[in-house]
Every structure is written in structure tokens, then in C-alpha cells.
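**Q** For reference, the chains in residue letters:
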Amino acid sequence: MSFAAIINLNHPASYVHWGFFQMSIPNLVVIGLMIVVFAAAIALPFPGSKRKRGGS
Amino acid sequence: MKRRRLSNAELNEAASHYDGPYKPYDLVKELFVAICVVATLALLFTVFFSSPDEKPSTVAQWSRDLPVDFLNTAVSELDGTSGTATYGPPYNHNGEGQIVWFIHLQSWLGVSHPINTAQDYVYSPLATVPGDPLLRAAVAEYRESPAKVQATWTNAYLAALVKATVVGNGSVLIPKGNYGPLPTMMNELLTLAQSGAFDGDLLTSDQFYQTDYTKSLLFMADGGELAARAQAQHLLGEQWGMMNETGSYPGQVWLWLYTFWYQIQPFSTSDNADVLVMMIMGVLSVALILVPFIPGVRDIPRWIPIYRYIWRDHYRELRSVAAGPSGDGSGGSGGPPPADPVSPPPAAAAST
Amino acid sequence: MSAGAGAKKSWTVRLREAGVAAMPPERLLPDGQPTYMSSWIYVFGVLTIAALVVIIGSGTILGLKGPAWWHYTGIGHFFNSIHLWAVEMFFFFMVIHLWGKFFMAAWRGGRSRVWMSGTITFLVSIAAAFTGYVSQQNFDSQWISTQAKDGLNSTGIGAFFNVLNFGQMYTYHVLLLPVVVIALVSAHILLVRRHGIVPPLPLPELGAQGLAGAGAPSGAGAAEPAP
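Protein chains in written order, with our numbering: chain A, -7 to 48; chain B, 21 to 372; chain C, 142 to 368.
Keep in mind the hints are simulated off the structure, nothing from the lab. Model, not experiment: these values are computed from the prediction. Wrong hints could be hidden among the right ones.
Below, a sample of chain C positions facing chain B; criterion: calculated Cβ distance under 8 Å [to be verified]:
1. 151
2. 217
3. 225
4. 299
Cross-link-like lysine to aspartate or glutamate pairs, in silico, EDC-like; alpha carbons within 20 Å at most [what the hints assert, rightly or not]:
5. 49/B with 167/C
6. 206/C with 219/B
7. 75/B with 219/B
The beta carbon of each residue, even a glycine, is placed where N, CA and C say it ideally should be.
Modelling step: build the complete structure from the supplied sequences, incorporating the hints.
**A** Here it is, written out as C-alpha cells:
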């Protein structure tokens, strides 16, 4: 029984080259996501933060 | 009153206690929700992308795919010029290893996994071939010849391999020359490898059960099979390979700084690159651990005030308190929130 | 129940009382938190722990069936995938947690050990992940181990930590390093519970009144005028 993924990633990745810097697109996506998620975590309001009294 | 920048000691004193209000919060439920979220995400990633599993290379495959490269490697193991043969500790004493000034860490820790490349990769496997008197005679002739004669044969053979041709059944043809007993030995070694017996020999020569692949992996790493596959997958050192994964999967992004140093001078061309990079990363790792004690670094959060956004609600309330009670609400809280039903956790009996 | 007053305390009683004094139950598992904790950045610690739970769960199943199982069954490959993506998420959340704590200067107020235990956990986790990568028994582990050996040999570590030795690496990966990681994470969490979550940095323009807690709204806090 084989387990096939919906999206097949078993092919060589694309790379970004800039001088001596090179990074795979998947890795860049992960790094980009981390920055976006970090910014979003700080920017997005947390539930209950603006209520007059504390409560869950 | 002039705004005064608080010292590190004052900051620490201020942060050592909190007398403000608390709100109810369910930590256990938060953990449960977090586990559900992460498990769901893992499941989604698995269903969509699965995970890579490139089959490992074997000596059999290598000798069939790249027979000339295999023979090159085998001869270099025999005459002691291969990467493993000249590595030094922990495999042998034939090299001094990497050094930084007077620091010879590689040598100081000694030879803990001895490898004799001629014995382990040529003589021992050939000794397993049963009942071949010609082969035994060839091996004996080689072993009993003076080093100078052996070198003549191996150098000539290596030069001939440059002009070798591979025929259909995987064997290698070289021009005529003075190679002594080498062709007999090497052709037998190639046959052994292509049959798969060499893989087994390398693993079980010492004992039946084996979990240590050192000999097999060092032998293959001396050749070009692994490197050829790695280059195709962007896994070589100069391709930032440490961070990459096979296929189009994300790799080990957290290793970016480890691999970065190998891309720039002087590390990219240094024989001692590994120990230099490991030392730099060792120092930086210790520095990361000791950030609270490093002036300047520990002040960066105040210089890059992301904290103003993290705690903006708290600061808004402080400002409204500082401005005095006002009739209108601002931002939803017109004044200090009422005292909370949740009491702060009890202080620990021992002082910090 | 301890012995009567005046009786010499047993080691058991002393240990219990010291433990309860250092960490009363309400401090170990509080049901409230400071009101300044109103940002999503605060959930990345627990997300990291959640990822570790999924790693250990999937890893346990992989270990129960042995290291070769995932190569030749679909269900084995499934759990290997869960394990791999949980590892990616573990580092993803941990690094964001680290960024957040750095920009909060969360080591203030006697919390340097919290920071230190966290960063040591990060570094040990890298080693734990590494031993996993070289235990895969596929081409990836062949390549990673034959490359990494040079870095480790150059420092002498290779003399007793042989990345080409599958038996050794697998043992480090499924037992030795997870024990260390779990111990470090536990110490980290206990230290957080002991010291509490770090209060906000004081705003320079609010002067002394900007110090969190001092004059912070708590009923009738006396507010100093802003400079």
C-alpha cells in the first residue's frame, strides 16, 4: 500500500541565486511565513484585550 | 522633568515584581487547543505533501552506475591516497586533521574508529572470494612487492582509467600497460561490488549483527556517487546544502548561519573550514545563551521598540491613568479596569 | 500528615515542604494571568510545546515499529510525515517564540535562567533533529552523515559521537536527546511559573510611572503626572 501525497514534492526544487546567496523556494517560503506570522501575531488584536472587565 | 533612560539594574528591579491586575486564563485548555491545532496542521501537511524518502545508494549501484569512479576509489584506498586513507583521526594517523593555531582538537581526541583502507576495502573483500588461485597469487604478488613498484603500478593504472571505456556488462576496459597484478585484483573487486557481495562484506566482516555503517559510508563518500546525487539535489556545501532537503521539501532553515560561513572567504577555500566554522558557531551559541549579560545586545529590544506594539493595550491604559480620570472612554477602557476576581498566584517562599 | 510539632522532620516531609514552598499549586497551575498579556505573541511557547507533543507521539509510533517500517508501508510513511512536519513546526514556533521573547527583553527581573534554559533547549533540539536526520536510513541520512562527520571530527567530537554509526545515532535520537529536551523544557516552564511572565518594559515618556505594576491600574493607583 503506497501513500501518495496530493501535491508531489519529489522533484528538484527551484532556487533563488543572488551572488553567493542561494536558497530554495520552499525554504524562502518558510522564512517568509515566519516573518509574516511574527508580524501578524503582534499586530492582530488578542480576544478580550479591549474589554472593560477581565473575563474568559 | 527630563526623560531619563533607566539602567539595566533599574529595569531588572522594576521587572522583578508585578502588583497590577490579573484576568482569568485557562492554561490547560490553551495547551489542549494548541495540541489540536498543531496535530491538525501536521495532518494537513502530511496529506498534502507527505515526506521525502530517497532510496539510499549501495556499493552495488555505485559500481554499476560509475564503474570507472569505483575503480579509481578502490585504487586510491589501496595506495593510501583516498580521502579516508589520508583523513587522520578518528580513522587513522595518516593526517594531522584540521587545526586552529596550536589547537589540534581532531588529533587530541585520538583514533577511535581505526580504518586501514587497503585492508578493509581491498584485501579483506578479495579474501572472501573462494577458490580463485589466480586472484590469490595476484594479491600476494602485490603485497610482497616493494612500495616503489606498487606505486608504479597504481599510478599507471590510475592514468589508464582516465582513458577507460565501459562495456555493456558493466566491466571496464583500459589500454594495455604495465599494471602488474592490479587488473586481476580490481576486476574481481568490481565484480564483487556489482554482485552486491561487497555491501555485505563491509557490514558483516567483524560480526554478524551490525548497526555501524562507518566503513561502508566512508568508502562511498570517497567516491563520486553520493556527491553526484547530492549536487543534483543542491545538497553540496557550496550550495548552502546544509539547509536543504531532497526534492522540493523545506529543509533545516534553522541551520542558515551554520552554512552561511562556508560560502564566504576565508572559509570557502580553507582546509580548516570545518573547525573554524564550528568554533565561530560555538562562540555565537554561547553568546546567544548569555544575551542577558551582554551590554548592547541586551539593549537592542529598547532600541528596536517592537515591545511598544506587543504591549500597546497596556500602555494605552497606563496613559489613560496618567491623564487622569475622564468622562469619555478611549479605546474601550475609560479608566483603570475594576479589580479582578482572579488573585495573583502566591509568591514563592524562597526569594529569587 | 506530618509528625507532631517538635518532632524531627523526615526527609520526605522536608522535600515536600520545600517543593510546596518553592512552587505552591496555585503558582504551578495558575488560573489567571496579568492583564498585560494580550497579544498573540504569547501563544508561541505553548505552540512549541504542542509541536513537541506531536513529535513525541509520532516518534513513539515510529519507534514501536522499528526504524525500517516507514520505508515499506504506507501507514509508516504517514507517521514519518507527521513526525517531519511536526519538527518543522516545532522550530517554526520556537524561533518565533525566541524572537518575541528577545524583543520583550524577557530575561529582566531575575529571569536570565528562563532565557538561558530556552536557548539551550533550542541548541539541544538542533542536535536532536540532526540525529533524526541521520537515522532515516535513506540517501538523505547517507549524505548528511558523511558531510557532518567532517565538522564533528574537526572538533574532536567525532571521536566519541560517530554520525556514521546508525545504532549510536538512533539511540541518541529516540532516548538520550529526547530525555534532555524534555528535562530542559520542564525546567524552562517551571522557571517561568516561578518568576511569572515578565512585565512590560517601561515606556520612557511615562517616566517612573511607566514602570509596570508600579502605579498600574489596580483600584486606587496614585498616578504621577507625566513629565
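**Q** Taking the hints in turn, state whether each one holds.
**A** Hints, verified against the model:
no.	hint	verdict
1	151	19 Å, violated
2	217	10 Å, violated
3	225	4 Å, holds
4	299	5 Å, holds
5	49/B with 167/C	16 Å, holds
6	206/C with 219/B	25 Å, violated
7	75/B with 219/B	15 Å, holds
Hints 1, 2 and 6 from the list above are not met by this structure, while the remaining hints are.
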